[in-house]
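As they're listed, the protein sequences go chains H and S. Heads up: the first sequence begins at 1 in this note's numbering, then just goes up one per residue. Heads up: the second sequence begins at 1 in this note's numbering, then just goes up one per residue.
The set of hints was computed from the structure by calculation and includes no laboratory data. Here the structure is a predicted model, which is why all the values come from computation and not from measurement. No residue lacks a Cβ here, since even glycine has one placed at the ideal position from N, Cα and C. Check each hint, because a few of them may be wrong.
Simulated pairs of lysine-lysine, DSSO-like, Cα-Cα distance not exceeding 30 Å [unchecked claim]:
(1) H:99 with S:85
(2) H:85 with H:99
(3) H:85 with S:85
Between beta-carbon pairs, the in silico distance windows are [to be verified]:
(4) S:37 with H:10: 22 to 32 Å
(5) S:79 with H:79: 21 to 31 Å
(6) S:57 with H:58: 38 to 48 Å
(7) H:76 with S:69: 37 to 47 Å
(8) H:58 with S:76: 18 to 28 Å
(9) H:105 with S:119: 26 to 36 Å
(10) S:68 with H:112: 34 to 44 Å
(11) H:70 with S:25: 14 to 24 Å
(12) S:105 with H:36: 20 to 30 Å
(13) H:10 with S:112: 17 to 27 Å
(14) S:104 with H:70: 21 to 31 Å
If you want the ones that stay clear, here's a sample from chain H, every Cβ over 10 Å from chain S, calculated [claimed, not checked]:
(15) 11
(16) 25
(17) 68
(18) 70
(19) 91
(20) 109
(21) 125
2 protein chains.
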Amino acid sequence: MPGDTPLAPSSGLDPEIAARLSRDAQGLVVAVVQRHDSGEVLMVGWMDDEALHRTLTTGRTTFWSRSRRAYWVKGETSGHRQWVKEVRLDCDGDSILVKVDQEGPACHTGDRTCFDADLLDAVVGVPTPQGVPR
Amino acid sequence: MPGDTPLAPSSGLDPEIAARLSRDAQGLVVAVVQRHDSGEVLMVGWMDDEALHRTLTTGRTTFWSRSRRAYWVKGETSGHRQWVKEVRLDCDGDSILVKVDQEGPACHTGDRTCFDADLLDAVVGVPTPQGVPR
């Protein structure tokens, strides 16, 4: 809900942006990272106020690791850096879209994206006229 | 973490897929919805095992509403239906990418996507040679 206490009360995030965030119980919002040129969805990460502040002000993506409970800058160790092109907040304030210039593969497995490896069997939807049962 | 109890223990989800999910404390994974043709990221929703099962088997997207604590089928009331083209699980099992054929605007505000309205001020990253401080 908006107004929940963020993980980092000392965050440098612009208060006008902070007021529009709808954080989960851990003080986090979802961050979807997309290649600005190809449109590929590269990965999903998590940001608290401070991670978003750093993403908005450094030109690189910073996330909050829920498992390690620490900030991480994408590419800091791998060199597969993400250069920020555009950052957007969604209509209910609980997710962020970050368009980036990606260096190298985005996934730690070496794949171009974190969604390359596991295509699930799915029934493909066939559009039907509105109101007509399928 | 993998193996957490899902919200819907009676889910019809394929046990082999269920075993690969890494759910949050509420038994949910993030679902990113992308237009299959334009590549636009349309919205972010949440799925438990049963919502994913329905998404995989009905040709339409089903989500779990955290606020209403109920399943919802996108477009059920608005008519702005999402027809499933492809569903992918990410490398650590905590997010899903659903590529869809979107009818009408994806956002309840009438915007094409839920990310159209709120562009944040961001420093644009300028790639630098690896190892050279910016």
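Status of each hint after checking the structure:
1. Of the supplied pair hints, the one linking residue 99 (chain H) and residue 85 (chain S) holds, its CA atoms being roughly 23 Å apart against a limit of 30 Å.
2. Between the alpha carbons of residue 85 (chain H) and residue 99 (chain H) the distance comes to roughly 5 Å, so the proposed pair stays at or under 30 Å and holds.
3. The hinted pair formed by residue 85 (chain H) and residue 85 (chain S) meets the criterion: a straight-line CA distance of about 28 Å does not exceed 30 Å.
4. A hinted range of 22 to 32 Å for the beta carbons of residue 37 (chain S) and residue 10 (chain H) is inconsistent with their spacing of about 44 Å.
5. Evaluation of the 21 to 31 Å hint for residue 79 (chain S) and residue 79 (chain H) yields a failure: the beta carbon distance comes to about 47 Å.
6. For the pair residue 57 (chain S) and residue 58 (chain H), the beta carbons lie near 43 Å from each other, so the given range of 38 to 48 Å is met.
7. Here the CB-CB span from residue 76 (chain H) to residue 69 (chain S) is close to 39 Å, well matched to the stated 37 to 47 Å.
8. A hinted range of 18 to 28 Å for the beta carbons of residue 58 (chain H) and residue 76 (chain S) is inconsistent with their spacing of about 42 Å.
9. Restraint check, residue 105 (chain H) to residue 119 (chain S): a C-beta distance of roughly 28 Å satisfies the suggested window 26 to 36 Å.
10. The hinted range of 34 to 44 Å is satisfied by residue 68 (chain S) and residue 112 (chain H), whose Cβ atoms lie roughly 36 Å apart.
11. For residue 70 (chain H) and residue 25 (chain S), the hinted distance range of 14 to 24 Å is satisfied, since their beta carbons lie about 19 Å from each other.
12. Between residue 105 (chain S) and residue 36 (chain H) the C-beta distance comes to about 23 Å, which sits within the given range of 20 to 30 Å.
13. Checked against the hint of 17 to 27 Å, the pair residue 10 (chain H) and residue 112 (chain S) fails, with Cβ atoms roughly 37 Å apart.
14. Checking the proposed 21 to 31 Å range against residue 104 (chain S) and residue 70 (chain H) shows it is violated: the Cβ atoms sit about 42 Å from each other.
15. Residue-level check passed: residue 11 (chain H) sits 14 Å from the nearest beta carbon of chain S, beyond 10 Å.
16. In this structure residue 25 (chain H) is not separated from chain S by more than 10 Å, as the shortest Cβ-Cβ distance comes to only about 7 Å.
17. Every C-beta of chain S lies more than 10 Å from that of residue 68 (chain H), the closest at about 13 Å, which supports listing it as non-interface.
18. With a minimum CB-CB distance of about 16 Å to chain S, residue 70 (chain H) clears the 10 Å threshold, and the non-interface call stands.
19. Some Cβ of chain S comes within 10 Å of the Cβ of residue 91 (chain H); the nearest lies about 5 Å off, and the non-interface call is violated.
20. Not every beta carbon of chain S lies more than 10 Å from that of residue 109 (chain H), the smallest distance being close to 6 Å; the non-interface claim is violated.
21. Separation of residue 125 (chain H) from chain S is inadequate, the least Cβ-Cβ distance of about 3 Å not exceeding the 10 Å criterion.
The structure is inconsistent with the numbered hints 4, 5, 8, 13, 14, 16, 19, 20, 21, although it conforms to all the rest.
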